[in-house]
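**Q** If you're matching positions, the sequence shown starts at 1 in full-length UniProt numbering and goes up one per residue.
Treat the hints with caution; some may be incorrect.
Said to hold, decoys possible - Lysine-lysine pairs mimicking PhoX-like chemistry, simulated, CA-CA at most 20 Å apart: (1) Lys52 / Lys29; (2) Lys52 / Lys41; (3) Lys41 / Lys29.
Think of the hints as simulated: they come from the structure by calculation, not from any bench. Please read all numbers here as calculations on a predicted model, not as lab measurements.
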Amino acid sequence: MSHWAVGRATRSSQALFFLKQAIAQHMLKERLQQAAVKLGKSVRTVQRLIDK
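All chains should be modelled from the sequences, with the hints used to inform the complete structure.
**A** This is the structure we're talking about:
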């Protein structure tokens with residue numbers, strides 16, 4: 001494998017990692033909103049409860 005190919009593979013796996021993180025973050029936001037609705041509280045309040 002050439003150096004160029006290795007660099008390209010590394011870049012694409014990094015991009016995939018960031019994409020997965022973004023998706024996880026988005027799912028977390030969705031879940032936060034659902035939890036907030038169920039508890040009848042604001043998203044910020046629920047987030048504060050989770051952070052503790």
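**Q** Each hint should be assessed against the structure and marked as holding or not.
**A** The hints, checked one at a time:
Our distance criterion of 20 Å between C-alpha atoms is met by lysine 52 and lysine 29, whose separation comes to about 17 Å. Between lysine 52 and lysine 41 the CA atoms are separated by roughly 16 Å; this keeps the pair inside 20 Å, and the hint holds. Annotation: proposed proximity of lysine 41 to lysine 29 holds, straight-line Cα distance about 14 Å (limit 20 Å).
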